[in-house]
Amino acid sequence: MIKIENLEKVYKTEEIETTALNGINMHVKTGEFVSIMGPSGCGKSTLLNVMGLLDKPESGSYKFLETELLSMNDKQRSNFRKQNMGFVFQNFNLIDELTVFENIELPLIYNKVPATERKRLVNEIIERMNIVNRSGHFPQQLSGGQQQRVAVARALVTKPKLVLADEPTGNLDSSHGNEVMELLCELNEQGTTIVMVTHSSHDASFSNRIINLKDGHVISEKINKSRTEELI
Amino acid sequence: MFKLNFKIALRNIWKNKTSSLINISGLAIGLAACLLLLLYVAYEYDYDTQTIDTGQTYKVMINGRDANGEVDGTADATPNAIAPLLKQNYPAVKAAARIEGQGKRLIANGAQTLKRTTYFADPDLLNIFDYHFIYGDKRTALTEPNSVIVTASTARMLFGTTDVLNRSVRYDDKTDLKITGVIKDLPGNTSVSFDFLLPWSLNEAYRSWIKRPDWGNLNYKTIIRMNPETDIKQFNRSVKGVIKQHASWSSNEMVLFPLSKLHLYDTFVKGESTGGRIDQLRLFMGLAIGILLIACINFMNMATAKSEKRAKEVGIKKTIGATRGSLIGQFLMESMVLTVLSTTLAIVLIELCIPFFNRLLDIQLGINYSNSSIWIGLMGVVLITGLISGSYPAFYLSSFNPIQILTKRNIKNGLFSVNLRQILVVGQFSFAVILIIATTVIYQQIQYIKNRPVGYEINQLVELPQEGLLYDKLDVLRERLAKSGAVLSLYQSSGTIATETSWFSGMEWPGSSEADKLQNFSQLATTYDFVKTTGVKLVAGRDFSRSFASDSAAVLLNRSAVKRMNLKDPVGQTVVAHGNKVTVVGVFEDFILGSPTLKGSPLVVAFMKGWGGKVTMRMNPSNSVTENIATIEKIVKEVNPAYPVELTFVDQLYAEKLKTQRVLGILSNLFGGLAIFISCLGLFGLASYSAEQRTKEIGVRKVLGASVSSLMQLLSFSFLKMVAFAIIISVPIANYVMNNWLQNFEFHTSISWLIVLLTAAGTLAIALLTVSFQAYKAANANPVDALKYE
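In order, the protein sequence lines correspond to chains B and A.
According to the UniProt record's numbering, the first sequence is numbered sequentially starting from 1.
According to the UniProt record's numbering, the second sequence is numbered sequentially starting from 1.
In case anyone wonders, no lab produced these hints; they're calculated from the structure.
The structure displayed is predicted, hence computed values, not measured ones.
Mixed in with the good hints, there may be bad ones.
Partial list, derived from the structure: chain B residues whose beta carbon lies under 10 Å from chain A [stated by the list, open to error]:
| # | residue |
| --- | --- |
| 1 | C42 |
| 2 | R81 |
| 3 | N93 |
| 4 | E97 |
| 5 | E105 |
| 6 | I109 |
| 7 | T158 |
| 8 | D215 |
| 9 | H217 |
| 10 | S220 |
Virtual Cβ for every residue (Gly too), placed ideally from N, Cα, C.
All chains should be built: construct the whole structure from the sequences, respecting the hints.
In structure tokens form, the structure reads like this:
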């Protein structure tokens, strides 16, 4: 599904240049659940941002289902992103002024889905996420785990081909963290491709494959056998 | 999407109550002030537009020329012969009417008597002004001499109803008139403002000499409606010499000036209109826009200061798929929602203020809600305000980069945005400081003029119109009032001593040239006791006296007149006034008769028995004023029973002369104060956000041992710097503008540096107070809370 070649990204400030990505090569198959791990500053978040079309690399190639994405302009990127990708963040990033229902509905609105269809889709996912009785609440009225469920629901409501998760359990205690990981696994089993950045090897153990980064390079790859067999 | 954005807007307003309150109330006050000023401006612009064909309605102006042939005066005072002549000889003239104001006159329905404002007018006036006839026919309403048109309110006061066609009223206690028309009340912004209107033929019936064309008496006004498509410049050229053709001795020339423009462009220099009230109006428009801008700046500042809070929302929405355009739309809508709320509040404020404002300025403003142009204007203001105040935050906030925000990398509040905010605050305060200085200078100038010595004893002087029997029985009145002890002395005169009422030229004196005949002299006709009653200072000679029979042909001159005539030893000299030889019996010191802002002009006080109009009395200071007034009213009523007694204090009339300056003073005070208030409101908001943003920093500093006062300094200093900078910018501007303004007055004060210093100190103090309230709160908070918050 994803083929990345020779990706380079340099951050420049007035005084120093930091190479965040230094010739990354990797691929993700459809239906895979890939974890990206590595120490702080290894470039894993930058990689995720590039994959999510939130950031632009200096050079390299990024093919998504045979389409080259890096040559796109901002508008095309934005369109591609909202049609194909969903995001889950460490700090949930829900909009405080909107209710659970409205937060989940938002991407559908940007995708110009008609109102009745929106309602059906949101209700469907709210049911699936087990947060029906919360749909009228505002984010700050929910626990962290519930907030992350809402965030996951929002990422999934457009039925994206790829879900990008940036330390989804980082702000949660372990029991809520496990809940979220189980949810992601479940989604993956139902066919959604997931790429997740994480610090936690426990969380990584839920995935099919673990990619280790250091100083902007891929230093190792490990296949998680217990999960991969299911995939094959 | 619209619905959702609308929801977010409302929830944001509700959630940030303090900032919403500052935004909405600041904007509402700004909008109210702006709309009120614009209403006033519109009112002034609509002056004399109640005509049938406003573009073709003109007033005849007369240019007078001085000894050198230069135009030295332009006025709407015309001879009675112009209107009939133009109507008859010039086909381009569709209608021409003479009018003569009579002031307040008696009109009665039996015992129900009123004194109401009236004019004599040619029937053609009804073909010029678009009066709305409730009853009667405008084609015939003024054709008969014994007819009268009344306004609806006059009819109601006299008869209790407006259905009074063909009813009879008694005018001036001597003539019965038939009501031939009832018209809707006139608006406040018309120069021909009357409660009842009398036919010109009645004027001629009273005073037969008015029938004769008289090119020398400029006692009438002439209004003309031209045929469309008349080349007015060409027409003016063709009528320029008309007066000279009929009166070879006259140097006057006529010229048509658009009636609807005369109110605003009433200052003429060398025959050309150079401005007038329009200057003041432009000032008010600037003020209106300035105040609104200050309020908009508040809005922008608050919105950008909140940017960190909104950044997350922007980031998420961009990640999910929002385009920049949709975000700009959202923020603009938020400012629109706030503007609409503010406008609603502003309209409430205006409705509350209008009665007060009208009383203050003596006008009739009002919002006519059925008028579509008001709504269009209002919508325009809302749209513009919303766009101005929303545009910067919209473009600024929507420009955030989503990864920077969402991955919690520090958002640098870019150098540019901080600078712009500072510039806005500096601009706001500069404007406010200019307003304060302007306000103080205007106030000082008014005080300066007020304190200028009047030149006569203005206190204890009262006057009343000389009407009915007060002409023949003046001596009876004098005796009875003297006997009562309420009045020390009184005199009759052609006009009040409080303003200039009459001028004449053609004066000759020993050594005068032919050209000197064109010199205008102010005149006041009187009989005995003028000097004694008024307290004017004689510098030579004496007052008119009953012991000199020859005084029936005598005049008094003021010092300026003597100077103009260049007379060495004026008393006893013979001069010619109005074609009669008269003797100068006395010279008195100049007193303020005209505008108190001008230097003295030559004045002739002539002895003329037949020309009365006012009776002026000096009350006895040993009685209380109320006692004196009661006694005077009782005696005058007994002497002249048909007329109500209308006493006026001369000092009040004098104060009226400062009305324009007073209006300017009140408005600049009011709106200057508002500008400062709104600016401080904005500063308060900014300070509170700055304190909030720096909560962590303050916490850390406190833990490390910073004192409350050092923290307050830290928080307040950056704001005070901006205000100080604003003062430095604005003082020279204010100084320059106000010096120019003062040059408009012959008598003017100068700008004192003490005032400027006090203004600067006061502004800084107010700003300090505003900011330090927030700073104190922030500095006194428990540092643990501040650190936990992160």
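Results of checking the hints against the structure:
1. With a cut of 10 Å, the hint placing B/C42 at the interface with chain A is violated, because the nearest CB-to-CB distance is about 14 Å.
2. Taking 10 Å as the C-beta cut-off, the interface hint given for B/R81 holds, the closest approach to chain A being about 6 Å.
3. Proximity of B/N93 to chain A holds as hinted, the smallest CB-CB distance being about 5 Å (cut-off 10 Å).
4. For B/E97, the interface hint holds, since its Cβ comes within 10 Å of a Cβ in chain A; the closest pair sits about 4 Å apart.
5. With 10 Å as the threshold, the beta carbon of B/E105 comes within range of chain A, its nearest partner Cβ sitting at about 8 Å, so the hint holds.
6. With a least beta-carbon distance of about 5 Å to chain A, the hint placing B/I109 at the interface is held under the 10 Å criterion.
7. At its closest, the beta carbon of B/T158 sits 8 Å from a beta carbon of chain A; the interface hint therefore holds under the 10 Å criterion.
8. With its C-beta approaching chain A no nearer than about 19 Å, B/D215 sits outside the 10 Å limit, and its interface hint is violated.
9. Hint status for B/H217 relative to chain A: violated, with the closest Cβ pair at about 21 Å, above 10 Å.
10. Proximity of B/S220 to chain A is violated relative to the hint, the smallest CB-CB distance being about 25 Å (cut-off 10 Å).
In terms of the numbered hints stated before, the structure departs from hints 1, 8, 9 and 10, listed from lowest to highest.
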